[in-house]
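Please take these sequences and the hints and turn them into a complete structure.
Chains as they are written, first to last, in the numbering used here: chain A, 1 to 412; chain B, 413 to 847.
The hints are simulated quantities; they were obtained by calculation from the structure and are not laboratory data.
Using N, Cα and C, we set each Cβ at its ideal position, and we do this for glycine too.
Take the hints with a grain of salt, since some may be wrong.
Per label pair, the in silico range of CB-to-CB distance [claimed, not checked]:
{"no.": "1", "chain 1": "A", "residue 1": "Q261", "chain 2": "B", "residue 2": "S811", "range": "55 to 63 Å"}
{"no.": "2", "chain 1": "B", "residue 1": "S721", "chain 2": "A", "residue 2": "E41", "range": "57 to 65 Å"}
{"no.": "3", "chain 1": "B", "residue 1": "E755", "chain 2": "A", "residue 2": "D63", "range": "26 to 34 Å"}
{"no.": "4", "chain 1": "B", "residue 1": "S606", "chain 2": "A", "residue 2": "V193", "range": "51 to 59 Å"}
{"no.": "5", "chain 1": "A", "residue 1": "D63", "chain 2": "B", "residue 2": "Q674", "range": "57 to 65 Å"}
In case you want the letters, here they are:
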Amino acid sequence: MSDRVEAVKKLFTSKSSRIETNKGDTYYQELFVKCEARLNELRANTPANRLDFSDLLEENGIDRREFMKWASATTAMLMLPPMFTPLVADAAVMMNRAPVIWLELQDCAGNSEALLRADGPKIDEIVLDIISLEYHETLQAASGHQAEKQLEEAMEHFKGKYLLFVEGAIPMGMSGQYGTIGASGETFHDHLVRCAANAAAVVAVGSCATFGGVPAASPNPTGAVGVMDVIKNKPLINIPACPANPANMVGVILHYLLTGQVPELDSLLRPKFAFGYRIHDNCERRAHFDAGEYVEEWGDAGAQNNFCLYKMGCKGPMTFNNCSIVRYNEAVNWPIGVGRGCIGCSEPDFWDKYAYERPMADAKIKAPTGGVEKTVDEFGLGMLTAAGIGIAIHAAASAVAGKREKSGESHE
Amino acid sequence: MITRKWIERIEGEASVQFTFEHNKVSFATIAFPHFRGMEAILHARPAMDALVITPRVCGICGHSHLFAAVRAIESVYANSGFPLEISPKAEALRELTLSLELIQNHFKWLYLVIYPELSHLVQCPIADSFRLKGAYAASLATKVLAIFAGQWPHSSYMIPGGVTCDPTYVDTVRAMGLLDELIRWFEKELTGISLEEYLHLSSTKALSRLSGDMGDLDKMLRAANMHKQGFSYDRYCVLGEHGFSKPSKNINKRTTKVNAKQVTLENPYTVDEKTYAKNALYQNNPFETGPLARAIINGIPLIKHLHRSFRDSTYSRIMARSYEIALLLNHCKILLQSIRLDEPSFIEPHKKITSLSGEGVGIVEAPRGPLMHKVTLNKGIIDHYALITPTQWNLASGSPQTPGPAQKAMIGADSIEIATFTFRAFDVCSVCTTH
Ligand code: SF4
Ligand code: SF4
Numbered sequence: 001m002s003d004r005v006e007a008v009k010k011l012f013t014s015k016s017s018r019i020e021t022n023k024g025d026t027y028y029q030e031l032f033v034k035c036e037a038r039l040n041e042l043r044a045n046t047p048a049n050r051l052d053f054s055d056l057l058e059e060n061g062i063d064r065r066e067f068m069k070w071a072s073a074t075t076a077m078l079m080l081p082p083m084f085t086p087l088v089a090d091a092a093v094m095m096n097r098a099p100v101i102w103l104e105l106q107d108c109a110g111n112s113e114a115l116l117r118a119d120g121p122k123i124d125e126i127v128l129d130i131i132s133l134e135y136h137e138t139l140q141a142a143s144g145h146q147a148e149k150q151l152e153e154a155m156e157h158f159k160g161k162y163l164l165f166v167e168g169a170i171p172m173g174m175s176g177q178y179g180t181i182g183a184s185g186e187t188f189h190d191h192l193v194r195c196a197a198n199a200a201a202v203v204a205v206g207s208c209a210t211f212g213g214v215p216a217a218s219p220n221p222t223g224a225v226g227v228m229d230v231i232k233n234k235p236l237i238n239i240p241a242c243p244a245n246p247a248n249m250v251g252v253i254l255h256y257l258l259t260g261q262v263p264e265l266d267s268l269l270r271p272k273f274a275f276g277y278r279i280h281d282n283c284e285r286r287a288h289f290d291a292g293e294y295v296e297e298w299g300d301a302g303a304q305n306n307f308c309l310y311k312m313g314c315k316g317p318m319t320f321n322n323c324s325i326v327r328y329n330e331a332v333n334w335p336i337g338v339g340r341g342c343i344g345c346s347e348p349d350f351w352d353k354y355a356y357e358r359p360m361a362d363a364k365i366k367a368p369t370g371g372v373e374k375t376v377d378e379f380g381l382g383m384l385t386a387a388g389i390g391i392a393i394h395a396a397a398s399a400v401a402g403k404r405e406k407s408g409e410s411h412e
Numbered sequence: 413m414i415t416r417k418w419i420e421r422i423e424g425e426a427s428v429q430f431t432f433e434h435n436k437v438s439f440a441t442i443a444f445p446h447f448r449g450m451e452a453i454l455h456a457r458p459a460m461d462a463l464v465i466t467p468r469v470c471g472i473c474g475h476s477h478l479f480a481a482v483r484a485i486e487s488v489y490a491n492s493g494f495p496l497e498i499s500p501k502a503e504a505l506r507e508l509t510l511s512l513e514l515i516q517n518h519f520k521w522l523y524l525v526i527y528p529e530l531s532h533l534v535q536c537p538i539a540d541s542f543r544l545k546g547a548y549a550a551s552l553a554t555k556v557l558a559i560f561a562g563q564w565p566h567s568s569y570m571i572p573g574g575v576t577c578d579p580t581y582v583d584t585v586r587a588m589g590l591l592d593e594l595i596r597w598f599e600k601e602l603t604g605i606s607l608e609e610y611l612h613l614s615s616t617k618a619l620s621r622l623s624g625d626m627g628d629l630d631k632m633l634r635a636a637n638m639h640k641q642g643f644s645y646d647r648y649c650v651l652g653e654h655g656f657s658k659p660s661k662n663i664n665k666r667t668t669k670v671n672a673k674q675v676t677l678e679n680p681y682t683v684d685e686k687t688y689a690k691n692a693l694y695q696n697n698p699f700e701t702g703p704l705a706r707a708i709i710n711g712i713p714l715i716k717h718l719h720r721s722f723r724d725s726t727y728s729r730i731m732a733r734s735y736e737i738a739l740l741l742n743h744c745k746i747l748l749q750s751i752r753l754d755e756p757s758f759i760e761p762h763k764k765i766t767s768l769s770g771e772g773v774g775i776v777e778a779p780r781g782p783l784m785h786k787v788t789l790n791k792g793i794i795d796h797y798a799l800i801t802p803t804q805w806n807l808a809s810g811s812p813q814t815p816g817p818a819q820k821a822m823i824g825a826d827s828i829e830i831a832t833f834t835f836r837a838f839d840v841c842s843v844c845t846t847h
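Take a look at the structure:
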C-alpha cells in the first residue's frame, strides 16, 4: 500500500499537475506588452478569408455588450487576468487572420461536426466558422486537386506560422494503407508529417488524434496511433474528448493568436485551462455522491431523482475535462444531465481501460502501481487511480452513511 | 480515355474514377481508401459497449447508429423469448431525437454541399456566410436533441429497455420553444409560407413559386437541367420502421413487402484502386435508399407528383430530401406533444444482459437510408457484429453490368462537374461506408 500512496503523492505534487493561476504582476505586464505587439503585427496582415467577424456578430444579433461579456469570460477561461479582456476581444475580431490548417485523418468527422456550430456558445461558433472555411479538408469550398493546391499554397504562405489542427488517428498497419489521401495516394502518416513540417505548432483535436481513440481500441485493427506518436519535434497541444469541445479549440487558437505561445499544458499535453478540472468536482450530482445516494439500476427511484451515477459506471471521478462547466450544444446539456454516466472520453485508452457501463471499480483501470481493483461494495477502499483514491474512500464512507440514514440511524 | 477525378468533403473522402466516351461519362467507379475496423473492435466486448462504440462510426449520423445498436440488442432479447417492453414515452423520445438528427443532417447537406455546388454549376455565386445558414439550423436541431440525449454528436442515452433521461415539464417546454424557433426559421428562410401550407402543397408548380431558398433551389436545379438527368434504377428500398416511414420496396411503381434477410453484401468493383467498402444489395439487386425512397414508399403526395414528371432525377432526389425536413419537423412537433412525462423512461428487462445469448438485427432509417446492425451475443459478450450502412447501397461500386445507384445515375453526364453533382445528391458519407 505504501508504494501506491507514494505514487499518488508524486502524481499530485508533480509540477505538471499544478495550476498556477497567478504568476505575478511583472509576468503579466510583460505578456501584455508582447500580446499588444503581436496584435499590431496581425492587424497588418491581410485576412485569410472573406468572412468578417463584426458582420457575423451583427447578423446573429449579438451586440457589443454581449461580445465583451464573452471576451471577459474567455479571458478568465484562459487563466489570464481581466486586463487582457480588450486584447482577447481584438484577437477574436482578427480571427480571419489566424492561419489555421485543418487535417482530417482516420476519424468519424465528429469533431468537424462539433466545430460546425453543433456546439459551444454562439460567439465561439462564429469564431470557428471564420477560421474553418478556408483550409479545412472537409469544409473548404474546393475539392480534389484544387484543394490540394490550396493547401500547399497556404503552407507556403504561412510557413512557420500556421497552427496545424489534426482530427483523427494515424493508421500505421499495412504500411499506412488503411488511410490514404488525395490523388497521389499519400498515406495519412506521410500527409501529417508533410503538413506538420512547417507548422508553428500542432494541435491534436479529439481522442482519436490525441491518443488513437476508437480506432486504436483493442485489437487496434489498423495499428492506429495518436499524433504525439508521430510528430516529435514540434510543440504539440492535445485537446482530447470525443468529440472535443469547440470552446477548448477556440481557447487554444485565441491563446496562440494573442501570445504566440502554446497554453500551459499538463503531462498529457492537454491545456490546463480546459483539462485542469475534474468532471466529478464540478458535477451537479456531486451532492448525491457525497450523501451516498446512487442510481443502482436504470430507471430506479434514484435515476428519477438525478442521483449520482457512480455505481452505473460514471467515470467522472477520474476524468479531467471541463464539460461539467462548458457543457455541450451551446451549453444545453451534457451526458450526466440525462442520466448517462461520464465515459472518460478525454483520458488515454479509455475504450479499453475505462470500459463503459461497468462501475468504475469493476473496470480494468490500473492504479499508478498497477493492479485491478475490487468493487467498492466488496472491498470498501479500493484505490482506483491517482485521482480516484480520495473518491473511493469517500464513496465507501458515504455509502455507509447513506445506508445508516435509510435504516433510521441518522441523528435526525 | 480515362479521366480521374477525386471527390472529397463532408465526411471524409471518396474517390470517383470516370470513364468518358464521346464526351459523356460512360462509366464510373467509387472507392473509399480508408478503414478503421469497427466490427473487429466490437468483437469480444460486453454488448452494452456497442452503445458507445457504434455511434463513433460516424460523426454526423451517430445517433442512428446508437438506435440501431439498441434495437439489435433488443432483438436478441426478443429472439430468445424475452421481448422487452418499451414505454410509449421512451419510444417517442428515441424517435424524436433520431428525427432531429435527420433534420440537422439534411440541413447541412443542403447548405454546405448542394447550394455551393449548384451555385457554381449555374454560375450564380453565393456569399460565404450563406453556407453558415445550414450550420445555424442544424445547431438548433441538435440543441433540442441534446435536451434529451445530453450531447450531440455521440450520445449514448438510449439503452435496451428505454432511455436514461427523465425529462421534466421544463425540458419539454424548452424543447418546444427551440423547435418552434427552428420551424419559424424554416418558414422564413426556406419556404416563405407556413410549414402547414408547405406540407399541403401537391403540385410542382407551387414549388417554383416559393419565395425562400426552396424557390431558388427549384429554379437553380431546373436551370442546371437537373430534372432531366441523374436517373437511376427507379427502384427503392426502405427497411427501418418508424412513425415517419414504413419498410417496403418499390419496383416498377409497385410497393411490396421487404424482408431484411434478403440483404446481401457483394465485393466492390474498382480498377487499380483499393477500396474498403462493400456493396449492399437486396435479392442481389441494387436499390436506391434514403429520402426519395422513403417518400415514394410512404406515398408523400408532393414527391409522388414530382416523381410522375421527373422520375428519379437529381431534381427529385434533392427535392425529396429537402421536403423531408418539413415532414420531420412536423413529426417532431407531434411527438413532443404526445409525450406523457409520468410514464417510465426505462422498463427493466426480465433477463440480465450478462446471461443473454443469441442473434439479433436492429434496423433504423438513417438520413441516407436503412442502417442495419447485426449482432450475435454469447452470455452478453459480442461474438459477432456486422454493420451495413445506407451509403453501401447508394454508393455501391458495381461492375459495368450492374452499377450501383449513384454509378448508374452518373452515366451519361456531360461533364465531370455534372457527374460530381449527381453523386453528391446521394450524399457521401465515407466514414459510414467503410467503418
Ligand atoms: S475523437 Fe470521437 S469525435 Fe473525434 S474523430 Fe474520434 S470518434 Fe470522432
Ligand atoms: S460519480 Fe459521476 S455522477 Fe457521481 S458526482 Fe461524480 S461525476 Fe457526478
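Status of the hints after comparison with the structure:
no.	hint	verdict
1	Q261(A) with S811(B): 55 to 63 Å	56 Å, holds
2	S721(B) with E41(A): 57 to 65 Å	60 Å, holds
3	E755(B) with D63(A): 26 to 34 Å	43 Å, violated
4	S606(B) with V193(A): 51 to 59 Å	55 Å, holds
5	D63(A) with Q674(B): 57 to 65 Å	59 Å, holds
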